[in-house]
Amino acid sequence: MSRELTMLQAIQEALDLKLADDERVVLLGEDIGVNGGVFRATDGLLAKYGEKRVIDTPLAESGIIGTAIGMALNGMVPVAEIQFLAFIFPGLEQLLSHAARMRHRTRGQFGVPMVIRTPYGAGIRGPELHSESVEAFFAHTPGLKVVVPSSPYDAKGLLISAIEDPDPVVFLEPTRIYRAFREEVPGGLYRVPLGQAKVVREGEDLSIFAWGSMLRTALRAAEQIEQERGWRCEVIDLRTLYPLDRETIITSVQKTGRALVVHEAHKTAGLGAEIISLINDEALLYLRAPVKRIAGFDVPVPMFSVEDDYLPTEARIRQGIEETILF
Amino acid sequence: MEIYRWPGEPTLHQILREDGTLAREEPPGVQDQAQAWYRFMVFCRRFDQKALNLQRQGRLGTYAPFSGQEAAQIGSFAALRRDDWVFPSYRELAGMMYHGLDPAHALLFSRGHPAAGYMPKELAMFPGQIIIGAQLLHATGAAWACKLRGEDRVAAAFFGDGATSQGDFHEALNFASVFQLPVVFFCQNNQYAISVPVTRQMATPTVAQKAIAYQIEGIRVDGNDIFAVYDAMRYAVEHARSGGGPVLIEAVTYRLGPHTTSDDPTRYRDPEVHDAWARAKDPLLRLRRWLERQGLWDEDQERAWTAEVDTRLAEATERMEQTPMPDPASVFDHVYAQMPPALRRQKQELTDLRGRV
Ligand SMILES: Cc1ncc(C[n+]2csc(CCOP(=O)(O)OP(=O)(O)O)c2C)c(N)n1
Numbered sequence: 001m002s003r004e005l006t007m008l009q010a011i012q013e014a015l016d017l018k019l020a021d022d023e024r025v026v027l028l029g030e031d032i033g034v035n036g037g038v039f040r041a042t043d044g045l046l047a048k049y050g051e052k053r054v055i056d057t058p059l060a061e062s063g064i065i066g067t068a069i070g071m072a073l074n075g076m077v078p079v080a081e082i083q084f085l086a087f088i089f090p091g092l093e094q095l096l097s098h099a100a101r102m103r104h105r106t107r108g109q110f111g112v113p114m115v116i117r118t119p120y121g122a123g124i125r126g127p128e129l130h131s132e133s134v135e136a137f138f139a140h141t142p143g144l145k146v147v148v149p150s151s152p153y154d155a156k157g158l159l160i161s162a163i164e165d166p167d168p169v170v171f172l173e174p175t176r177i178y179r180a181f182r183e184e185v186p187g188g189l190y191r192v193p194l195g196q197a198k199v200v201r202e203g204e205d206l207s208i209f210a211w212g213s214m215l216r217t218a219l220r221a222a223e224q225i226e227q228e229r230g231w232r233c234e235v236i237d238l239r240t241l242y243p244l245d246r247e248t249i250i251t252s253v254q255k256t257g258r259a260l261v262v263h264e265a266h267k268t269a270g271l272g273a274e275i276i277s278l279i280n281d282e283a284l285l286y287l288r289a290p291v292k293r294i295a296g297f298d299v300p301v302p303m304f305s306v307e308d309d310y311l312p313t314e315a316r317i318r319q320g321i322e323e324t325i326l327f
Numbered sequence: 001m002e003i004y005r006w007p008g009e010p011t012l013h014q015i016l017r018e019d020g021t022l023a024r025e026e027p028p029g030v031q032d033q034a035q036a037w038y039r040f041m042v043f044c045r046r047f048d049q050k051a052l053n054l055q056r057q058g059r060l061g062t063y064a065p066f067s068g069q070e071a072a073q074i075g076s077f078a079a080l081r082r083d084d085w086v087f088p089s090y091r092e093l094a095g096m097m098y099h100g101l102d103p104a105h106a107l108l109f110s111r112g113h114p115a116a117g118y119m120p121k122e123l124a125m126f127p128g129q130i131i132i133g134a135q136l137l138h139a140t141g142a143a144w145a146c147k148l149r150g151e152d153r154v155a156a157a158f159f160g161d162g163a164t165s166q167g168d169f170h171e172a173l174n175f176a177s178v179f180q181l182p183v184v185f186f187c188q189n190n191q192y193a194i195s196v197p198v199t200r201q202m203a204t205p206t207v208a209q210k211a212i213a214y215q216i217e218g219i220r221v222d223g224n225d226i227f228a229v230y231d232a233m234r235y236a237v238e239h240a241r242s243g244g245g246p247v248l249i250e251a252v253t254y255r256l257g258p259h260t261t262s263d264d265p266t267r268y269r270d271p272e273v274h275d276a277w278a279r280a281k282d283p284l285l286r287l288r289r290w291l292e293r294q295g296l297w298d299e300d301q302e303r304a305w306t307a308e309v310d311t312r313l314a315e316a317t318e319r320m321e322q323t324p325m326p327d328p329a330s331v332f333d334h335v336y337a338q339m340p341p342a343l344r345r346q347k348q349e350l351t352d353l354r355g356r357v
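Chains as they are written, first to last, in the working numbering: chain R, 1 to 327; chain X, 1 to 357.
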């Protein structure tokens, strides 16, 4: 059975299926029970699975992540929700110093199979600190996997893979496209493997790498530029930010000889730098132009009345494409 | 084995009963201020309503209403000096306006306007904190500096019941206690942290008792009784200012509206409990009953005050909406005291881009 679902519904369904499929799975977080989550990603799950499986916690992110580690050490598979990405910061110590390192410091004796789901990104007219995208912090931390879906189908399949993964996974959900569109999603359990990018649009002239809500912006820019100038851009959704799918990235750049990375996170030390360095390492001699980054500026994500100019726009991406191709 | 147990029944400081009679003598100064407080409460209640309406009409973004908490906010801010340090949360606009924030400015937060963050120069007040619990440590540090620098100012942190679960809350109380700092921790226990009831937030029956674990003074006060709130805060501020150390106040109150305009409280609220708070315990009605007994309130006056409030609100809304939207390139300002060259290049990039569009 396949229906059209939003990304939020697809996420809710993945959680539902895994709760049914594996009794070790528990959900915990702020307002996820009675309220069904502030975005309703866990709607109805408390009623269906009860208070032992779907747990409203006290308001403490360090508490949520730290106790999730303990649960994971003792045979459970916690899926924690952090209400917005910036609220993970009080829990970073638990995540970076403990969840990420546990397997290594116990020499493989204890792993921490847990998922931290959190809405992230700008473009929702949110208040201060509701719009961050700091995926690079996590990709920079050995021991963590970092996943970002950009469509309902992928969200469900990737979340199921994340929950089944033996290592801690940070699962970033682009708030801007939670309800932005629907897509066919199969009813049962299925997996989209971690670590695999996806070629969303084929092209020969330039490769665009994007993820999360920027994927759609990049796709629109690619369509516009094809109409305006006839250039065909390949658009690749990275889907997993750690580990990166080197092969798909390199194969595409070897084919097109030009590349552009689009991310809404701040430019400096953002993931774009890592991708460019990877291209330098493996495909430098294929390049016909320097690889550009179209990224968020190096300023705190602004208050929403000025956030549109902070986010990479189609116009900025088109300009980047032009400069690269006409280099 | 000796088990060290919680020592006693929780207390609740109350002066003004729900029916508007006095449970005990009102604190000095209250007689003169009560009518002005009431009028300010009316202003705030209608401000809140106005903001909700503006949000519904798409003229404001997310807004966190404070209706039901006017007595807790106004009563507590009324005991502060204008030069005291104030670290509020996002739900403190009533208190902040009482302290001197222009209502037109107060609305700018929900407008997503960067200028919202610039507080009146003559105050030592910060924009409402979004990160739950963070401001308690800032207040503790500011108080610490007061002590080290020999100033007689105090610092006050305002927060909700949910914040008491954060490590920052406990760290702040402990630092303040260890270093005997002039800081007041003012918790509005409005019964919910979004959907989570306080009974689920903590297993302790009160917030105030947490003071005992840190060997500081704790007061549990009826937060809908403006006389008692003022009394408690006045005591705490004097205690802190005179070197007595920190105080934790729990004001027991109730949020009448949704958590924010994105919230649907019917999902988690008990309608009966809600009705009790909305009717019998409303802080405005309680003060009004007392004023009426004193001959300081009647319906004609209420109508006149309301009309005056509505004029002020219309004027504030107009000024808020006429506040020019900032130049988008201004997002680069104030990231550093001096803009690094790399940032200046990005600012130029944005300016050029906008010039082309
Ligand atoms: C660190 C952090 N975690 C989560 C949130 C999301 N959040 C915003 S308000 C809120 C509830 C706060 O409850 P409480 O402290 O009781 O204050 P109230 O909103 O009731 O005034 C939550 C969970 C946040 N802003 N910051």
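The hints are simulated quantities; they were obtained by calculation from the structure and are not laboratory data. The reader is advised that the hints may include incorrect statements.
[Unchecked claim] Chain R is faced by these chain X residues, among others (derived, beta-carbon under 7 angstroms):
1) R59
2) G112
3) S165
4) V335
5) Q338
6) M339
Yeah, the Cβ is synthetic: ideal placement off N, Cα and C, and Gly gets one too.
Could you tell me which of the hints above the structure violates, numbers in ascending order? 1, 5, 6
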